[in-house]
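Undergrad: Here the protein sequences come in this chain order: A and B. Counting along the first sequence from 1, when you hit position 36 you're at 36 in the numbering used here, and nothing is skipped either side. Counting along the second sequence from 1, when you hit position 2 you're at 2 in the numbering used here, and nothing is skipped either side.
FYI, nobody ran anything at the bench for these hints, they're computed from the structure. Just so it is clear, CB atoms sit at the ideal spot from N, CA and C, and this is done for glycine as well. Among the hints, erroneous ones may be present.
Just a few of them, taken from the derived set where beta-carbon distance is under 10 Å, the chain A residues facing chain B [unchecked claim]: (1) Asn-10; (2) Arg-13; (3) Glu-90; (4) Asn-203; (5) Glu-287; (6) Gly-289; (7) Met-291; (8) Ala-296; (9) Arg-298; (10) Glu-300; (11) Leu-302; (12) Val-371; (13) Leu-375; (14) Ile-387; (15) Leu-390.
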Amino acid sequence: MILIDLAVRNLRRHAVRSVLALVGIVIGVIALASLGILGASLSLLIGGLVSDVSDTILVTPHVAASSGDPFDPRTALASSLSDKDVALIEKAAGQNRVIPMIRTSKRFRADDASGYVTVYALRADDIPSLLAKEAGRYPAPASPGVMVGSLLADEFDLHVGSRIEFGNESVRVTGIAAERGMGIDIYPDYAVIVTEDRYAGQNYGMVVVKVRDSADIGEVKAAIDGQVNRRKEKVDVLDSREVLQIYYETRDAISFFLLGIGAVSLAVASVSILNVMIISVAERRREIGLMRSIGAQRHEVLVMFLYESLALGVAGSITGGVASALVGYYAAAAASEFFGGFGAPGGPAAPGAVVAGYIIVGMAFGIVASVLAGLYPAWKAATLNPIEALRYE
Amino acid sequence: MNGEPIIRFEDVSKVYSLPAGAVVALDHVSLTVDAGEFIAVMGPSGSGKSTLLNMMGCLDVPTSGKIYLSGKEISGMSDDDLTRLRRDHIGFIFQQFNLIPLLSAVENVEFPVILTAGREESRRRATEVLRAMHLDDALFSHKPGELSGGEQQRVAIARALANDPDLLLCDEPTGNLDTKTGTAIMDLLAAENRRGKTIVMVTHDPRVAGYARRRIQIVDGRLV
Ligand SMILES: Nc1ncnc2c1ncn2[C@@H]1O[C@H](COP(=O)(O)OP(=O)(O)OP(=O)(O)O)[C@@H](O)[C@H]1O
Ligand SMILES: [Mg+2]
Numbered sequence: 001m002i003l004i005d006l007a008v009r010n011l012r013r014h015a016v017r018s019v020l021a022l023v024g025i026v027i028g029v030i031a032l033a034s035l036g037i038l039g040a041s042l043s044l045l046i047g048g049l050v051s052d053v054s055d056t057i058l059v060t061p062h063v064a065a066s067s068g069d070p071f072d073p074r075t076a077l078a079s080s081l082s083d084k085d086v087a088l089i090e091k092a093a094g095q096n097r098v099i100p101m102i103r104t105s106k107r108f109r110a111d112d113a114s115g116y117v118t119v120y121a122l123r124a125d126d127i128p129s130l131l132a133k134e135a136g137r138y139p140a141p142a143s144p145g146v147m148v149g150s151l152l153a154d155e156f157d158l159h160v161g162s163r164i165e166f167g168n169e170s171v172r173v174t175g176i177a178a179e180r181g182m183g184i185d186i187y188p189d190y191a192v193i194v195t196e197d198r199y200a201g202q203n204y205g206m207v208v209v210k211v212r213d214s215a216d217i218g219e220v221k222a223a224i225d226g227q228v229n230r231r232k233e234k235v236d237v238l239d240s241r242e243v244l245q246i247y248y249e250t251r252d253a254i255s256f257f258l259l260g261i262g263a264v265s266l267a268v269a270s271v272s273i274l275n276v277m278i279i280s281v282a283e284r285r286r287e288i289g290l291m292r293s294i295g296a297q298r299h300e301v302l303v304m305f306l307y308e309s310l311a312l313g314v315a316g317s318i319t320g321g322v323a324s325a326l327v328g329y330y331a332a333a334a335a336s337e338f339f340g341g342f343g344a345p346g347g348p349a350a351p352g353a354v355v356a357g358y359i360i361v362g363m364a365f366g367i368v369a370s371v372l373a374g375l376y377p378a379w380k381a382a383t384l385n386p387i388e389a390l391r392y393e
Numbered sequence: 001m002n003g004e005p006i007i008r009f010e011d012v013s014k015v016y017s018l019p020a021g022a023v024v025a026l027d028h029v030s031l032t033v034d035a036g037e038f039i040a041v042m043g044p045s046g047s048g049k050s051t052l053l054n055m056m057g058c059l060d061v062p063t064s065g066k067i068y069l070s071g072k073e074i075s076g077m078s079d080d081d082l083t084r085l086r087r088d089h090i091g092f093i094f095q096q097f098n099l100i101p102l103l104s105a106v107e108n109v110e111f112p113v114i115l116t117a118g119r120e121e122s123r124r125r126a127t128e129v130l131r132a133m134h135l136d137d138a139l140f141s142h143k144p145g146e147l148s149g150g151e152q153q154r155v156a157i158a159r160a161l162a163n164d165p166d167l168l169l170c171d172e173p174t175g176n177l178d179t180k181t182g183t184a185i186m187d188l189l190a191a192e193n194r195r196g197k198t199i200v201m202v203t204h205d206p207r208v209a210g211y212a213r214r215r216i217q218i219v220d221g222r223l224v
């Protein structure tokens with residue numbers, strides 16, 4: 001089509017200007033797509049929590065001014081719950097199972113790899129109620145064996161009977177926990193699970209209450225609050241829904257923020273296209289007048305300029321799409337590194353389909369933004385009075 | 001033709017209202033142009049010659065009065081209708097800036113054709129009319145900037161003829177050319193008139209006007 005030819009030739013004639021306008025779209029598409037991918041990775045990371053239970057109440061030591069938000073750094077302040085506190089919670093919880101636990105870390109060594117590993121110490125009879133078993137048996141009280149999380153087992157090639165260095169002692173793996181994913185209570189897949197008698201005398205860091213009938217959650221919460229916090233604010237009581245709510249809100253805030261940045265960069269990009277197109281129309285007034293006087297209809301002039309902005313949009317979006325595939329990959333990798341401490345192993349990389357989806361969305365927005373930006377200048381060109389346009393010097 | 005004059009102006013005026021006062025570009029002009037005529041429009045600068053020609057080509061609308069093309073009154077037609085009329089029935093040749101700078105000579109000639117016909121058909125017709133204008137085949141792919149003024153005007157005439165229009169409107173077609181080149185261009189236009197095209201041509205030059213078979217004098221927007 002001659003109108004497409006004309007549009008492309010005009011862009012080529014002003015190569016530098018076209019490339020500059022293109023850069024805006026490229027950046028906009030990269031921003032939108034890679035930030036979308038980053039947001040999706042975060043969602044995924046947090047979404048892992050959803051796999052869990054709606055029957056869990058979390059009791060943690062009350063930290064002054066703590067919001068209960070898991071991302072709140074004050075939450076990390078050390079404090080603990082005593083046996084007496086646990087007894088009060090048990091009284092309040094009635095029939096429901098109360099699981100006090102100590103979460104710590106210890107030096108770990110298997111083969112020639114070593115490092116610190118998360119350790120959960122629980123009462124022996126509580127372990128089966130919290131964890132499914134993949135192989136071997138659950139740790140027994142006063143036995144020297146430990147249970148390891150499934151991903152830890154995979155990574156270090158541990159089996160029932162393997163020997164690991166755990167702290168200063170050498171222990172045997174007697175059981176492997178089934179993969180469970182990250183939960184709001186514990187994340188056992190990369191941890192070592194032992195019975196609490198290894199830490200006898202230590203206070204607990206957290207108490208999990210498994211409520212049999214989820215309809216009772218409110219009641220049980222209120223009872224615990226009433227029992228333990230009677231004289232002073234000693235513990236924070238959160239149920240799984242509240243915890244998830246906080247996670248969701250955090251995730252949504254981050255996603256909106258990231259997508260907002262992407263949208264703003266695209267808006268800026270379309271302003272630069274608008275600018276280029278307005279200049280292009282102004283420069284070509286006589287040409288437009290000539291075309292109109294020899295028989296080009298208004299809509300043909302309109303379409304010619306729309307092709308121009310469409311061509312910019314398509315070229316910019318394809319470049320941006322390819323670039324964001326790379327940037328998005330590194331952004332996801334960076335996110336996984338950053339959150340790797342408490343995220344899923346290997347990082348919360350969004351799956352290929354999601355990444356491709358965001359890139360396509362970014363590209364679509366890039367193209368739409370370009371065409372929208374071209375609409376006004378194209379309309380201006382189409383409605384020029386041919387005589388006045390011809391006279392223009 | 002259906003016996004109607006190809007152009008009929010009935011009491012046509014064009015007034016531009018400017019802050020400094022109204023400018024009367026055309027003042028109650030009535031005229032007819034019959035099919036097959038070759039008319040030269042002459043008059044001093046600013047007398048309204050281009051305005052008259054642009055109205056004949058449906059590029060401009062009168063402030064008052066009526067214009068009929070082949071018997072049809074044009075004031076009721078839409079912009080698209082008028083544009084189609086220009087494309088299919090009228091060929092324009094201006095003094096300068098006749099060609100689209102981004103298109104080659106042959107593409108310029110194709111432009112009004114390709115809007116409705118296929119690419120091959122357009123190329124065939126464009127080649128045909130360019131050869132009839134004695135333009136060297138080697139120049140077909142040149143951009144307007146790479147052609148001389150005379151060559152550009154020949155391409156412009158070819159472009160005006162490409163859709164085989166009934167009417168050619170020329171606004172000082174030789175104004176930018178030397179005498180010899182101008183004569184060559186006029187010979188081409190005269191040949192088109194002999195072949196049956198109606199031509200209305202604006203010119204200052206009495207020698208150029210000598211090619212026409214009828215002259216219209218215009219002064220201050222009035223025919224004299
Ligand atoms: N768009 C416009 N706005 C205001 N005045 C105009 C406009 N177009 C033409 N005129 C005025 O109308 C009058 C006729 O103009 P026109 O272009 O028809 O003259 P012309 O006879 O073709 O002159 P020339 O020989 O110099 O080309 C002039 O006085 C001109 O200034
Ligand atoms: Mg004039």
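Undergrad: Now tell me, hint by hint, if it's right for this structure.
TA: A quick look at each hint next to the structure:
1. Asn-10: holds, 6 Å
2. Arg-13: holds, 7 Å
3. Glu-90: Violated: closest Cβ of chain B sits about 85 Å from Glu-90 (chain A), beyond 10 Å.
4. Asn-203: violated, 81 Å
5. Glu-287: holds, 6 Å
6. Gly-289: With Cβ-Cβ at 9 Å, under 10 Å, it holds.
7. Met-291: With a closest approach of 7 Å, the Met-291 (chain A) hint holds.
8. Ala-296: Interface hint status for Ala-296 (chain A): holds (7 Å vs cutoff 10 Å).
9. Arg-298: holds, 6 Å
10. Glu-300: holds, 7 Å
11. Leu-302: violated, 12 Å
12. Val-371: Cβ of Val-371 (chain A) sits 21 Å from chain B, so the hint is violated.
13. Leu-375: Cβ of Leu-375 (chain A) sits 19 Å from chain B, so the hint is violated.
14. Ile-387: With a minimum Cβ separation of about 5 Å from chain B (threshold 10 Å), the hint on Ile-387 (chain A) holds.
15. Leu-390: Since chain B brings a Cβ to about 7 Å from Leu-390 (chain A), closer than 10 Å, the hint holds.
Hints 3, 4, 11, 12, 13, counting from the list given before, are not met by this structure.
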